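Listed below, chain by chain, are the residues.
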Amino acid sequence: MRRISKVLGATALALVTASACSSPGAGFASAQPSLPAVVFGATAPPAPQTTSSGSCNVNASSARPYAGDDSGTNVAAIKSHHRLIVGVAADQYLTGYLGADGAEQGFDIDLAHAIAQSLFGDPNAVQFKVISTAERIPDLQQHLVDMVIDTMTITCDRLAKVGFSAVYYEASQKLLVEKGTKYNGLADLGGKNVCAQTGSTSISLIQKAASKPVAIQVTDISDCLVLLEENKVSGISTDDTILAGLAKQDPNLAVLQPQLETEPYGIAVAHGATDLEAYVNGVLAHYEADGGWAASYAHWFAGSLGAANPPSAQYSNE
Amino acid sequence: MATARRVRTAGTSPGRGSRLDTPTRLWLLLVTAVAAVLTVGLVAGFSLAGRESSASHTAHDTEALYTEVQNLSYSLADANATAATALLIGPETPSQFSSRYTDDITQAEDLLAAASQRVTGDAYASAQLKAVAEQLPEYTGMIGQAFADNRLEYPVAGAYLRQASELLTGSMLAETWHVVDEQRNATSGGLGSSTAFPWWELGVAALAIIALWSVSRRVANVSRRRLNFGLLGALFTVLVLLIWSVYAFGAVSLQGSNARTDYIGLSGAQTQISELSLAETYVALQQIDRGEDQGADATAAAAALEAANPGDASTRSAYSAVSTCATNVIGLAIHGAYQQAITATVGSGSTVGEGGCEPAVGKLRADLLDIASADQARFDQDMASVGSEYAGAAAFPLALAVGILGAMAAAYGVNRRLAEFR
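These protein sequences, in sequence, are chains A and B. Per this note's numbering, the first sequence runs over residues 1 to 318. Per this note's numbering, the second sequence runs over residues 1 to 422.
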């Protein structure tokens, strides 16, 4: 009897430990998302953004997670087709790209698996739909994808068209140039070609720069790397996460340290799908709390971007 | 002398009203007959030699250049298809793919060198081939970079492949196809001119026969001798030249028609092989781009697959296997089942690179290459027959010799009458 008690006790302990240390999302097995137990307060909330569509707080634009929110219309609709359709990138090394086995990999992909795990109890119950940067909002509006996890910056303009989760990563926009060049920032690239993805926030940043660099737009960020390696552009402007992936593919390139702009990443959902926002925020809270976020970050970025913590979650109805 | 006197007496009647005396008129008739027969000989000689030369030029130069640029187009398209499929397989490029790519590029370089020498004098084709030759190192450089990045599992490999493919399909193949079209038209034109009906010979021979008949009648009037064997001999040689030309036309019409049929088959098979390689490329690119091109690769793959259809009974099953497999793969990729699409394209595990659609594509490619090879052999044989029907290189001297014989016969015949006045 004592032996049986010991075995049961050990099993229970093992289950609790496994739940706490599981791989990203593994602890969600169809559980209802709830408020995070631990909040990492790494990033101070920035001032509200003002754009042509008005002012907004991009860091606190999303619905607060609450228990039982998987009964919402949008979450139920996803559950009814037994798989999560996620719009992702295929060529963004470290964030969303195709691995040697042809499967999607990266920081954003880990997050998609965590949400699928929570929804269906299976991290692989996810279908990745590769989309270009310019297709992200139209695909959400036409419900071709359930959500987009593709290093997508939350902006006021975009908030008018789609919904976003709470910020899951605070990126910063930087420049990638060849090592040994005299360039230190956009100010040195006046009249030079600077590459960025069509439909990205980087394009407007280049176009607004006082030094007047020439914005070269491409569909895939990898095309920017080819252009830089062929000396057809002098620099690439995008988020540090993506630049870290590009720099890792060519040791002759270096990311310039000056930060051009802060880029809060959010998981985009259809406009008005607040139940889905709330559900995703619950998953995010768990993902950050159970070490899934930290494990994924360490795996993909620790070597190139240094240590980081998840951003502190803020919600619109706080 | 008696004869001469008789002639003089008899000659007064037909020469009435003429200021020329009989010997002078006979001299003029002699010159007319000789000139008429010689003209027929010369025209027949030039015409037969011209058509023989046209057939030979078409077979040995124009069509040969056409085949070279078609093969160049296939080598380039196949190199690209091989590179794209190799990237689909994974970071380790299977050796059969590496060697096939290297062989394709080596063959493309050899064909470019051979075709560039052959187009000397054709400024347009020379410029097009020069542009392809200049772009080839750029293309191989990008593919080399794609292979290197792919080995390190870097996604930029796909970007290099995409750029290389755009250079190849958008520029290099387009330039090659311009030369293919030019040489296809030249080959068709050469086939037409080498098997054309001999209207010139027919017209000139008819005029010569009328001239000889007229000369014969006038000589008969002067001499009161109905038959002039010399002029009959001349008429015979004109008829021989005429019959030779018409017979050669009839014979080459059949051979030329066969050659044209073979050429159409050859041209079709060569185009279909290139289209099959393009279909392979776009199928692979669709899976590498994963829909970021908004379906352009899928559309291009379906179009190339359709253009690769030989549409004949002998290849129906092979094409059907490829079409079914590729359509399934395109559908899988469209619906986001990329892993299944890759497996369905190239196989998986120990059969990767040899499974999926690869065996079906290999079978259709081999069938099309066999068809092209057989059509090429038949075309060469038919064109050689066309040349031999015209007596080959001997056509001109032979026709001229017959014409000279006829002219000598005419001169002999009229001169016999002229001798009666000496």
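No lab work stands behind these hints: they were computed from the structure. Here the structure is a predicted model, which is why all the values come from computation and not from measurement. Idealized CB from N, CA, C, for every residue including glycine. Incorrect hints may have been included.
Claimed, not checked - Calculated Cβ distances over 10 Å to all of chain B for the following chain A residues:
(1) Ala76
(2) Gln92
(3) Leu98
(4) Ser132
(5) Ala209
(6) Thr219
(7) Glu229
(8) Gln249
Claimed, not checked - Here are the in silico distance ranges between beta carbons for each label pair:
(9) Gln207(A) x Glu306(B): 39 to 49 Å
(10) Ser98(B) x Val214(A): 36 to 46 Å
(11) Arg151(B) x Lys79(A): 34 to 44 Å
(12) Thr73(A) x Glu134(B): 52 to 62 Å
(13) Ile334(B) x Thr73(A): 24 to 34 Å
Claimed, not checked - Far from chain A, some chain B residues (derived; all Cβ distances over 10 Å):
(14) Pro155
(15) Ile209
(16) Thr261
Hints and how they fare:
1. Ala76: The assertion about Ala76(A) holds, with a minimum of 22 Å to chain B.
2. Gln92: At about 7 Å from chain B, Gln92(A) fails to clear the 10 Å cut-off, so the statement is violated.
3. Leu98: Incorrect as stated: the minimum Cβ-Cβ distance to chain B is 7 Å, not above 10 Å.
4. Ser132: violated (5 Å)
5. Ala209: Correct as stated: the minimum Cβ-Cβ distance to chain B is 25 Å, above 10 Å.
6. Thr219: Given that some Cβ of chain B is not farther than 10 Å from that of Thr219(A), nearest at about 6 Å, it is violated.
7. Glu229: violated (8 Å)
8. Gln249: violated (4 Å)
9. Gln207(A) x Glu306(B): 39 to 49 Å: holds (43 Å)
10. Ser98(B) x Val214(A): 36 to 46 Å: Cβ of Ser98(B) to Cβ of Val214(A): about 40 Å, so the range 36 to 46 Å holds.
11. Arg151(B) x Lys79(A): 34 to 44 Å: The hint (34 to 44 Å, Cβ to Cβ) holds, given that Arg151(B) and Lys79(A) are roughly 41 Å apart.
12. Thr73(A) x Glu134(B): 52 to 62 Å: holds (60 Å)
13. Ile334(B) x Thr73(A): 24 to 34 Å: Given range 24 to 34 Å: holds, Cβ gap about 28 Å.
14. Pro155: Label violated. Min Cβ-Cβ 4 Å, cutoff 10 Å.
15. Ile209: holds (75 Å)
16. Thr261: Thr261(B) is indeed farther than 10 Å from all Cβ atoms of chain A, at 46 Å.
Comparing the model with each earlier hint shows violations of hints 2, 3, 4, 6, 7, 8, 14; every other hint is respected.
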